[in-house]
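Participant: One letter stands for each residue in the lines below.
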Amino acid sequence: MVDEEKLLLTGDEAVGLAAKHLGVALGTGYPGTPSTEILEYFSEIGGKAQWSPNEKVALEVGIGVAFAGARALVTMKHVGLNVASDSLFASAYTGVYGGLVIVSADDPGLASSQNEQDNRRYAVSAGVPMFEPSDSQEAYDFTIAAFELSEKWQIPVLLRMTMRVCHSRTIVIPKKDLTSKNPLGYVKDAQTRVLIPAYARFAHRRLRKKLGELKEWSEDCPFNFSIFKDKSLGIITSGISFVHTCEAEPDTSVLKLGFTYPLPIKKIAEFVNQVEHCIVVEEGDPYLYESIRASGINVDGKDESYRFGELNVERVRNIIQKKPESERKIPPGKPPQLCDGCQYRIVYDTLSRLGCIVSGDIGCYTLGVLPPFNAMDTCLCMGASIGVGLGLRHSLSEEKARKVVSVIGDSTFIHSGITGLVEMVYNPPPTGHVVIILDNQTTAMTGLQEHPGTGRKLNHEPTNRVVIEDLVKAIGVKNLHIVEPRLGSDSFEKLLNESLNKEELTVIIARRPCLLASKKLKKYQRCEDVKKEVNREKK
Amino acid sequence: MTGITNVLIAGLGGQGVLTASDLLAFSAFEFGFDVKKSEIKGMSQRGGSVSSDVRFGKKVWSPMIPPCEADYLVVLEPTQIEPNLFMLKEGGLLITPKEIDLNKLPGKQTINSALLGALSLFLPIPVEIWFKVMSKIFLNEKFEKNKVAFLLGCDSFVKKPVNVSIQNNQL
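As given, the protein sequences belong to chains A and B, one line each in that order.
Heads up: the first sequence at position 143 corresponds to 143 in the working numbering, and the numbers run straight through without jumps.
Heads up: the second sequence at position 155 corresponds to 155 in the working numbering, and the numbers run straight through without jumps.
Same shape as in the complex, but just chain B (with noise of 0.2 Å):
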């Protein structure tokens, strides 16, 4: 469907899947577009595989991303790649914990805040969103830590060749 970004974030329960999708939700709804995100979780927090579908644009009529149409894929465990990859639609976008340098992160579980910032470099949602949402969500030192990660994140990424680049539909 056309003047619609399609983004399924991936992983295990317990990384944080719900609250990055939440987060792009809450940014992409703040910035004025129709959202839809959807998600199964129930037996989720076993450590099992979750995954969240977010959609936006001018109107969304399904909640789900129809398979092969995610214009990206956001994985935040590796292994999690393989059983999302058929989602992605040909030339859609790849973000994964490599592009990251891990190093640098401040804390393990701010790798979905950081995989974000690395997304947000193809939205038209502008930082200040971001972290307007980001402080609803995290609290005090963790707002912090996150908001580090995500400005890691958008640096890890314009450093590399990008070889997909996606219109993103503006209002």
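Next up, chain A with everything else stripped away, as it sits in the complex (with noise of 0.2 Å):
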């Protein structure tokens, strides 16, 4: 029978129990596969978590918690951390008081993403210290080591997960005696904390000297270690490619990097001097190949076509014996679609029947991007439907220019789409434009999420609402419609040509409830209902 003290947990929950027992203050992100489950198991066992109206905001709360002397965790998917980079970058700077840890759950392979962007790059370019667990195991360990790494250097520090990392289940033993840490308490520091140029001079300078320590650091570190066997090959490798390589080659020597920024130089030029012949396994882009050998340290890398998509045992096996790609044809799965009575259904069909050109956005409706609808023109990123959009409308021929729709989702919209909407109304193209948002009142692609439109938190406890038409409205957009649109009725359609041929600026919301949500939203409403019940008859 299993040990009592064993659990089997997947790699976002372990990183939430460590960030539980740590007693992480509080814990915040923007929904993303594959981060999401980090903050709701967190909330689930008992943390404070909350999701920010985007990934900036959400680090931001996190650098003013550690500000404040108490630990944050900050958690989003790889292009999350694109759109927090400012903060991330200024935050190596100022530095942090309490603990500051920043996941980045990368997606090679692109499973559920809009591009396959190694974030460790990220590392290296801001200038914080960089984690990468293999398992469950040290996702968990990792978040414990790099939370005291933060408090001892006062800075930021980035845990790189990926996605089989975040989502596979491998055993974790927790930790017995760790003890939750109290708030610091506040110390004004503003030679530290705010950078101006004359302070961020020196900021930069303080940076660079942490990193000198850190690397000298990493080389005594438990987090990178040799394991010698058949000195003939040697592998470097970190992450998820660790336990593919090991299974691939049980017999051969390898370096294993956990702490891979910045990266322990001398350990690794003692380890190829160990080893007959020395290869690098990672996933992604060369990274460590480019910095190993940019140190002068002769190593070999893996074919370039093993950048793209995950590795796996395969894959390592080929690259390991510099074999090409299998040539495997793998028959093609289903393709996700949206759900029978989407509500989106019937705007692409109209979008589709209208013959508009749509510059989309984030979330389940992207897929109005497939047949049957092929109702899709662009889709680029969190935000970008409205600025694209408007940018086709000022340079397209005038009847085309005319027939240019924005469609963005209510949690993309309040996430990334005011400003673009701000745009819209400051610079409006001689057109006008058309903006659907399309508001099924969660954030459905990565599991029904709340966000600030919904009124629930995290926790899906009740909280102030933002007003999507009240936003619409005070940003000044002439024309504002809410609609819900049906089957078999045509006044959805007739909204939008009339719209299009107004070529004044008009938002269009159309609002239901997204189905797989409707009977949660039932839930939540009575948890309401009978909380409020409770008060009245207290009164």
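Hints are computed from structural coordinates only; laboratory data are not their basis.
Note that the structure is predicted; figures quoted are calculated from it, not measured.
Beta carbons are placed, not taken as given, at the ideal position from N, Cα and C, and that holds for glycine.
Treat the hints loosely; a few may be bogus.
[Said to hold, decoys possible] Straight line, CA to CA, 20 Å or less: simulated PhoX-like cross-link-like pairs of lysine-lysine: (1) B:Lys145 / A:Lys6; (2) A:Lys229 / B:Lys59; (3) A:Lys181 / A:Lys48; (4) B:Lys104 / B:Lys147; (5) B:Lys136 / B:Lys147; (6) A:Lys6 / A:Lys175; (7) B:Lys58 / A:Lys6; (8) B:Lys108 / B:Lys145; (9) A:Lys519 / B:Lys147; (10) B:Lys136 / A:Lys6; (11) A:Lys329 / B:Lys89; (12) A:Lys520 / B:Lys142; (13) A:Lys520 / A:Lys531; (14) A:Lys531 / A:Lys502; (15) B:Lys59 / A:Lys6; (16) A:Lys152 / A:Lys231.
[What the hints assert, rightly or not] So the derived list for chain A, only partly shown, Cβ under 10 Å to chain B, looks like this: (17) Leu7; (18) Ala111; (19) Asn115; (20) Arg164; (21) Asp285; (22) Glu310; (23) Ile320; (24) Lys323; (25) Lys329; (26) Pro335; (27) Cys339.
Fit chain to chain and form the complex, with the hints in mind.
Facilitator: So this is what it looks like as structure tokens:
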């Protein structure tokens, strides 16, 4: 029978558990696969966690928590760190007081993302130390180590995870005697935390000094270690690639890097000297390979074809044996599609029928690009629909420009569509513009998370609601319509046609709760009603 | 790799692939195996293909089953056999709803438990452990229904000659 001390957790849950054990004061983030479950789990086991409107705000709240001397955990998917990068670079300069750990959950293989960017590059670029766990036990252990390191060097720390580490269940043995820390209290320190040029010049030097010390620390830390076996070949690896390597080459010597910025160059050189031949096995960009080669150490890397997609045991074997990619043809699975009865089906049917040029956005509704609708022309990143749509309107011929529509979801609109709408009012195209906000009252794509427009917090308890139509009106959009697209009714089509012909600025909010969420929405409403009832009786 | 049992569970979003793989992974864990379970979700709720790898044995490294190394392929939806068949090793066992008497199933949603019942015949994990884990995953009435489905799966499969048997690695 299984030992009571052992748990079978996903990497995401392991980070949430470590945060709970460390007494993290606040977890913040924006939902994004594969990072979403970290804060959900942290909240479920009693931690205080909240969704922010976007990753930049989430990180800034986290920085504030850390300035106040408490511990903050900030989570996001890889592309979220692009949004938060301004704050990341600045916080590397200011440093922190309480611990600040930022989780970047990367998606090599694009299971549910628009790109395969390798966020290890951010650690180097911003100058923040980085851990890369290989499984759930390391996700737990490295979260603890990251907070300790963050507090010791007063620096934000990047915990870089990937899809398979986040979503795989593996065994975790939690630590017994972790003590959660009380906040250190507030200390005013404007010279450190106000980045005017006069102070920031010192801040940059202070950061480089910390990174120099961390480089030394990296050499001796327990997270970078060698396993010497057969020395005819040595493999340097990190993250998920480590476990694939151990299975593919059980008898080969391995240098396992868990702390990957700053890199332990001396340790790497020693390892390379001990083996006859050395190859770097890593998923995504050749980050380790390039850094090691740039230090003058002769190692081999993978073929360029292995930059794409996730690695697995077979691909690792091929990398080591310098074989080309397997030519096995994998039959395609069934692609995802909009649910039967989803209101977006009606919207895309209409857009398709009217021959609109659709500037789309990120969410379930991106599926409007696929047959039978084929009703999306562009989709780049969160919030891009409005700006790109305006650009199209500015430069296309008048006849074509009149057909351009921007389509954006409710959560995405709050994330980064608001400034696009401000641009529309400030620099209106000659033909006007039409923006459709698909408001299904949840963040559906990532698994039905709350957002400021739902009026409920991460744990589904009620809070203030940001009213999307009030926001649209306040920005100064002339025409605002709120509709519920319905099968068998042509009112949505009529409205869209009228709006396109008007050549004015129009926002149409197409509102109906997501079908998958409606059961849950009723449950939350019942909970609220019961609470109100109880309070009334108390009075 | 020797000593590891690899089970691939596949189906469509919303069918309970992830619940089934959790049930298997936690049962193997409860029995005392080292376990790794991996999955790709994210877009799965939209009815697309979903699959989950469960690996257990004395020591498991990678959470992903290498192609052509699955000992068992459990498929919840016949259309999902073809896209996943390349994962099954030579001599591996395919378990599909065809094996189950669907008329006796206590609800469409319990097909995953029935298929795991069939799978359980080949694994060393005793039925009490399966039920213990099941009672944590499903509540009250759902638990009872899934128990019935699991046992139905056990019965459906023994009646048929099985062409492949795989030696499970005991601890």
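Participant: Indicate, hint by hint, whether the structure satisfies it.
Facilitator: Do the hints match the structure? See the list:
Of the pairs offered as hints, the one joining B:Lys145 and A:Lys6 is violated, with about 29 Å between alpha carbons and a cut-off of 20 Å exceeded. About 18 Å separates the Cα atoms of A:Lys229 and B:Lys59, which keeps this hinted pair within 20 Å; it holds. Between A:Lys181 and A:Lys48, the direct Cα distance comes to roughly 15 Å. Compliance with the 20 Å bound is thereby established for this hinted pair. Restraint check for B:Lys104 and B:Lys147: satisfied, since their Cα atoms lie roughly 13 Å apart, inside the 20 Å limit.
Among the hinted pairs, B:Lys136 with B:Lys147 is consistent with the structure: their alpha-carbon atoms are about 12 Å apart, no more than 20 Å. Note on A:Lys6 and A:Lys175: the hinted pairing holds, with a Cα-Cα distance of about 10 Å set against a maximum of 20 Å. Using a Cα cut-off of 20 Å, the hinted pair B:Lys58 and A:Lys6 holds, with the two alpha carbons roughly 15 Å apart. Proposed proximity of B:Lys108 and B:Lys145 is supported: the alpha carbons are some 10 Å apart, at most 20 Å.
The hinted pair formed by A:Lys519 and B:Lys147 fails the criterion: a straight-line CA distance of about 26 Å is larger than 20 Å. With a C-alpha separation of about 17 Å, the suggested pairing of B:Lys136 with A:Lys6 holds against the 20 Å cut-off. Note on A:Lys329 and B:Lys89: the hinted pairing holds, with a Cα-Cα distance of about 16 Å set against a maximum of 20 Å. Between A:Lys520 and B:Lys142, the direct Cα distance comes to roughly 19 Å. Compliance with the 20 Å bound is thereby established for this hinted pair.
Proposed proximity of A:Lys520 and A:Lys531 is supported: the alpha carbons are some 17 Å apart, at most 20 Å. Note on A:Lys531 and A:Lys502: the hinted pairing is violated, with a Cα-Cα distance of about 47 Å set against a maximum of 20 Å. Pair hint B:Lys59 plus A:Lys6 holds up; C-alpha atoms about 15 Å apart against a cutoff of 20 Å. Of the pairs offered as hints, the one joining A:Lys152 and A:Lys231 is violated, with about 37 Å between alpha carbons and a cut-off of 20 Å exceeded.
Using the Cβ-Cβ criterion of 10 Å, the hint placing A:Leu7 at the interface with chain B is satisfied: the shortest such distance is roughly 9 Å. Interface restraint check: A:Ala111 against chain B, minimum CB-CB distance 5 Å, threshold 10 Å, status holds. Using the Cβ-Cβ criterion of 10 Å, the hint placing A:Asn115 at the interface with chain B is not satisfied: the shortest such distance is roughly 14 Å. For A:Arg164, the suggested interface contact is upheld, since its CB lies about 6 Å from the closest CB of chain B, less than 10 Å.
At its closest, the beta carbon of A:Asp285 sits 20 Å from a beta carbon of chain B; the interface hint therefore is violated under the 10 Å criterion. The closest approach between the C-beta of A:Glu310 and any C-beta of chain B is roughly 8 Å, which is under the 10 Å cut-off, so the hint is satisfied. Annotation: interface hint on A:Ile320 violated; nearest CB of chain B at approximately 14 Å, more than 10 Å. Annotation: A:Lys323 was flagged as interfacial toward chain B, and the flag is violated, the nearest CB pair being 14 Å apart, outside 10 Å.
Given the 10 Å rule on beta carbons, the hint for A:Lys329 holds: about 8 Å separates it from the nearest Cβ of chain B. About 5 Å separates the beta-carbon of A:Pro335 from the nearest beta-carbon of chain B, less than 10 Å, and the hint is met. Taken as an interface hint, A:Cys339 checks out: its beta carbon lies about 7 Å from the nearest beta carbon of chain B, inside 10 Å.
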